[in-house]
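K.L.:
Heads up: the sequence shown runs through residues -18 to -1, 1 to 557, numbered per mature numbering (1 follows the signal peptide of the UniProt record, and there is no 0).
Incorrect hints may have been included.
Stated by the list, open to error - Lysine-lysine pairs mimicking DSBU-like chemistry, simulated, CA-CA at most 35 Å apart: (1) Lys362 x Lys270; (2) Lys270 x Lys492; (3) Lys354 x Lys270.
As the list claims (entries may be wrong) - Simulated restraints, written as ranges between beta carbons of each label pair: (4) Ser137 x Pro500: 46 to 56 Å; (5) Arg512 x Ala42: 41 to 51 Å; (6) Ser41 x Val486: 49 to 59 Å; (7) Ser489 x Arg36: 48 to 58 Å; (8) Asp148 x Pro385: 20 to 30 Å; (9) Ala369 x Val486: 47 to 57 Å; (10) Gln508 x Thr463: 10 to 20 Å; (11) Gly150 x Leu20: 33 to 43 Å; (12) Ser137 x Gly467: 44 to 54 Å; (13) Asn328 x Gly32: 15 to 25 Å; (14) Ala55 x Arg483: 44 to 54 Å.
Keep in mind that the hints were calculated from the coordinates and are not lab data.
Where a beta carbon is used, it is the ideal one built from N, C-alpha and C, also for glycine.
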Amino acid sequence: MRSVLSIPAIFLWTLSLAAQSGNQPAPPVVTLHAAARLVVVDVTVTDAHGNPVRHLPESAFHLAEGGRPQILAGMEEHSAASDAAAAARAGAGLPPLQPGVFTNLVPPPQTTPTILLFDALNTPASSQGWVRRQVMNYLRTAPPNTRIAIFGLNSQLVLLQNFTTDIGRLRAAMAGVHPQGAGPGDLDVEAPSAAVAQIHSQLMADQPPVGPGQEGFLEQALSDFVDIDYNVNEAQRATITLRAFHQIALFLAGVPGRKNLIWFSGGFPLSLIPPRTPTNYTGEPTWKREYRETMDLLARERIAIYPVDAHGLDVSGASSSERMESQSAMYEMADDSGGKAFMNTNGVAQAVAQVVSSGSDYYTLAYVPSDKNAHGEYRKIRVAVDAPTGLQLSYRRGYYAEPAVSTAIAASDDEGPSPVRAAAAYLAPPATQIQFFARVLPSLAGVVPVADSTRRQLDPTHNRRYGIEYSADVRSLDVETLPDGRRQSHLEFVSLVYDPRGRVIRSDVKSLHMTWTPEQWVTAVQRGARYQQEISLPAEGTSLRLIIHDLENGHLGSLDVSATGLEPNSARPPK
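Use the sequences and the hints to build the structure in full.
P.N.:
See the structure below:
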């Protein structure tokens, strides 16, 4: 079970805390190659009217896996009020960062986060404007402090608005222009083309005009999102959709607790859902493996999917087999993740309100399976409560029992895109499985001679050298204890420079085994796993992405930096 994250004391070299000098907290606990897999199941319990049922004791819950009763290792009740209080005790935000310091560290949420995914890839254009208007209706009456992020999916996943409780920002993102960059800072890019702007204005004709100063980096994201490519077959759409869910899971990995993902879509082919049979999946098609691994990742990161049919209410009385199949697939994905599907309804705004309300009240159950032999088979979960009849329970109905080595194997598999390649896609959301700080300041050398690099020989505008100092939270890493007592982790550090069109124009990749003596490990626990890189940037108009990849378990961390936000070369270099 993921606990609320606290910031290691000496990580504060990255923070502006000169006025604070309190006692250092205890060193964080680091898990070293845990052999037993703890299964976490979030359960929502509602009465016949959809109201949450609270204050059930642990003894009221009974959980079985594969028909065999399991012993609960723990139970925790969550509500919007209790989670807000816990977040306040832990510290609801990060201290101000020093100039040149960046992080993908996520503050603990005060309410259960909600993610809105607008799926243009699998939704007819005729339905997309209607869905957006329905969500805008919800935002007009959303409760205060509702924490929402917005994604769009077309040929790739785009983060249109990072988490915020600011309804104005959410409405601006829905209207098509993001008030400030949520990826690589406030990087200026070309505005969407006139054709794209015209399409979007037709879809959003009822929305208020955007005020001055709200143009920014994600206008290009909007352009990519609205410019729909319909020449994609079902298998390609399924693969793109599954990888989008995978990216969202990486983005949410650093957010503690349950997350509710509301997926507005026209459907997903049922034929692409693999049969749940107790078998080894060796030799299966790639999409089946991707579905299994994606649903397993969503479950581990405690993300519940709430599909909402973008077609609305079918008043014709006729149901095509294709629509029935796509709806069945969406029901399956909701069941597999512990969510709920909303089909054949015009009440999209009401569905969002119900998810936000009921999804904040839930119980977390944890257990170690009695069957320790994992071979990739699907294991069914059943939860019951000793309570009055008529209660409705929502929870994930099972999981794929992967061997402990499967994640590392998948990370190095040649089929499909590599984890780093997916994380390196332009406009990809930041990954938070590995949480880290990075300090990016001008190097002592300042200006880099053109002859230093073949690439810079071709482009003499790469004339600014910056030093990058990483500090990764070792709790996020797969760490091995060697026979002599040293500890070791196998990491890959990647820095990428993009031009305004999203092309990689400069990169540096380094993989290494980081080894710590017992004495060095004490420092690493407090200060993080440290590594330094240098990279050259053009004079203007670029963004920088930093990635840490754990080569043992495939976990990723990434963050984006706008070159316009970096200190100039005349600034004092780091000591």
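K.L.:
The structure should be examined with respect to each hint, and the outcome stated for every one.
P.N.:
Verification of the supplied hints:
Between Lys362 and Lys270 the CA atoms are separated by roughly 18 Å; this keeps the pair inside 35 Å, and the hint holds. Only pairs whose Cα atoms come within 35 Å are accepted, and Lys270 paired with Lys492 is accepted, the gap being roughly 32 Å. Of the supplied pair hints, the one linking Lys354 and Lys270 holds, its CA atoms being roughly 24 Å apart against a limit of 35 Å. At about 50 Å, the beta-carbon gap between Ser137 and Pro500 stays in the expected band of 46 to 56 Å.
At roughly 48 Å, the beta-carbon separation of Arg512 and Ala42 lies within the given 41 to 51 Å, and the hint holds. The hinted range of 49 to 59 Å is satisfied by Ser41 and Val486, whose Cβ atoms lie roughly 56 Å apart. Our hint of 48 to 58 Å for Ser489 and Arg36 holds, since their Cβ atoms are close to 52 Å apart. At roughly 44 Å, the beta carbons of Asp148 and Pro385 sit outside the given window of 20 to 30 Å.
Taken as a hint, the range 47 to 57 Å holds for the pair Ala369 and Val486, whose Cβ atoms sit roughly 56 Å apart. The given range of 10 to 20 Å is respected by Gln508 and Thr463, whose C-beta atoms sit roughly 18 Å from each other. Checked against the hint of 33 to 43 Å, the pair Gly150 and Leu20 passes, with Cβ atoms roughly 41 Å apart. In this structure the hint that Ser137 and Gly467 lie 44 to 54 Å apart at CB holds, the actual value being about 50 Å.
With their beta carbons about 18 Å apart, Asn328 and Gly32 fall inside the hinted range of 15 to 25 Å. For Ala55 paired with Arg483, a C-beta distance near 50 Å keeps the hint of 44 to 54 Å intact.
Checked against the numbered hints given earlier, this structure breaks only hint 8.
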